[in-house]
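Let the hints inform the model, and build the full structure from the sequences given.
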Amino acid sequence: GFITGIGGLNFSPEILVATGSSCMVLTLLEMLFLRLGFYVFTPPRPVYSLDLLCFISYKFFHTSVIMLTRLVLMRWLYVCVWLALAASHGFFLLQTLKLHWQGSNDQKQMVFLYLVAGVQVPIFFYLQHV
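Here the working numbering is used: the first residue of the sequence shown is 101, the next is one more, and so on.
No lab work stands behind these hints, which were simulated from the structure alone. The beta carbon of each residue, even a glycine, is placed where N, CA and C say it ideally should be. Any given hint could turn out to be false.
[Said to hold, decoys possible] Using C-beta positions, here's what the derived DEER-type ranges look like:
hint, residue 1, residue 2, range
1, Leu171, Gly203, 17 to 27 Å
2, Val211, Asn110, 39 to 49 Å
3, Phe191, Val230, 18 to 28 Å
4, Ser112, Asn205, 24 to 34 Å
What follows is the structure, given as structure tokens:
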């Protein structure tokens, strides 16, 4: 929506509604995936839904920074910033959610956490093209 508005390419308010709706659905799907994973693997420490929502919503700050770099920087530099921020958000989620399983050595839990961290790159790709 932002790039369309800056570029003057037939911008309309419906674009903002569509973009906001798709981001909300994406956030809800990611939240459901995390809640399901935490339900199946039951960490020793409780995980609150509001905390999860905050953790996964940090990606929208990174997305805003990526959008600004897309306008200012060259394409290859923009791609580097995009990859760095997507990877850093995945690493943040990995380290933050790992705290709930301290003291547990179950490999399935770690695979789940690495899956959550790895799926951030495709999510960032989707957010950049909505």
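Hint compliance check: list the failing hint numbers for this structure, sorted ascending.
1 and 4
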